[in-house]
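J.: In terms of my numbering, the sequence shown is numbered consecutively and its last residue is 474.
Just so you know, the hints here were simulated from the structure itself, not pulled from any lab data.
Errors might be hidden in some of the hints.
Said to hold, decoys possible - Here are the simulated lysine to any residue pairs, SDA-like style, with alpha carbons at most 25 Å apart:
{"no.": "1", "residue 1": "Lys417", "residue 2": "Thr206"}
{"no.": "2", "residue 1": "Lys426", "residue 2": "Val354"}
{"no.": "3", "residue 1": "Lys417", "residue 2": "Thr404"}
{"no.": "4", "residue 1": "Lys426", "residue 2": "Ala389"}
{"no.": "5", "residue 1": "Lys417", "residue 2": "Leu360"}
{"no.": "6", "residue 1": "Lys471", "residue 2": "Met202"}
{"no.": "7", "residue 1": "Lys426", "residue 2": "Glu459"}
{"no.": "8", "residue 1": "Lys417", "residue 2": "Ala473"}
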Amino acid sequence: MNLPTYSTLSLSLDQGIAEIRLNRPDKSNAMNDAMWQEIRQAADWVDTTPAARVTILSGEGRNFCAGIDLAMFGSIQQRIAHPDGARSREALRRVIRDMQDCLSAIERCRKPVLAAIQGACVGGALDLVTCCDMRYAAPDAIFSIREIDVGMVADVGTLQRLPHLIGDGLARELAYTGRNVGADEAAALGLVNRVFASPEALTAAVREIAHTIAAKSPLATRGLKEVMNYSRDHTVADSLNFVATWNSALLLSGDLNEAITAQRERRTPKFAD
């Protein structure tokens, strides 16, 4: 299979596991214009590639990601320049909405996305990992909402998603103060699922988890993500109605038959992509 190539990311696919690596280590993987767009492109590729069953999102080098590349602010000002202030501000709104969508593509991707985080995960990087299904950390991981320190409101997802992970009060504390959260505190808050002893242990453990997911029914896995994301944003009653509709359409599948047959024959099931 010919994999797409990117200027700021590396992409691999092996045994059903796609790995997207932020690949600007000399800049601590700071997110420049190209990276924002390529994150969306890579997520869309995973979503539409049947052989990709689960994704690991990681960063090359010492830091996962230092957030937005500050040089972008200059390029954005050039892009939105207009003699009419209203038109300039409307153009800025479109830029912000596009950047939001670049990260939302991770959440929109039907395949589970597991973030493996070492070093800095700050500003826009925190927006990015809150879009993921699960987050795992090395002991040196540091998380913070840095936007307050440059005099702006975080605007690409953290303020909307983080309260669902750690609660409203703690999310507000981190947003208002911009303070650092270490790996152990992040685990205690529920921001990360687990902390592993070293970056190497993190990589090995997340790949093992990804292999476990990749061996499950791809149809059921996609259904789980769809239903759980819907349930987060809707009432219990609406969500129960949604899952009933989902299963009425997709419960009676070839994957269900294969799982039952494999149990009867005492073997590992083999699911189609």
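J.: Can the restraint linking Lys417 and Thr404 be considered satisfied, given a maximum Cα separation of 25 Å?
T.: holds (21 Å)
J.: Lys417 and Leu360 were given as a pair; does the straight-line alpha-carbon distance stay at or below 25 Å?
T.: Not satisfied, since the Cα-Cα distance of roughly 33 Å exceeds 25 Å.
J.: Please verify whether Lys471 and Met202 have alpha carbons no more than 25 Å apart.
T.: holds (21 Å)
J.: Keeping to a limit of 25 Å between CA atoms, is the pair of Lys417 and Thr206 held or broken?
T.: Status violated; Cα separation ~28 Å.
J.: Compare the distance between the alpha carbons of Lys426 and Glu459 with 25 Å, and conclude whether the hinted pair is satisfied.
T.: Between Lys426 and Glu459 the Cα gap is close to 21 Å, so the pair holds against 25 Å.
J.: Is it true that the CA of Lys426 sits at most 25 Å from the CA of Val354?
T.: violated (29 Å)
J.: Measure nothing beyond the straight line between the CA atoms of Lys426 and Ala389; if it is 25 Å or shorter, mark the hint as holding.
T.: This hinted pair holds, its Cα atoms lying about 24 Å apart.
J.: Would the pair Lys417 and Ala473 pass a check requiring their Cα atoms to be no farther apart than 25 Å?
T.: With a Cα-Cα distance of about 10 Å, the restraint between Lys417 and Ala473 holds, given a limit of 25 Å.
Hints 1, 2, 5 from the list above are not met by this structure, while the remaining hints are.
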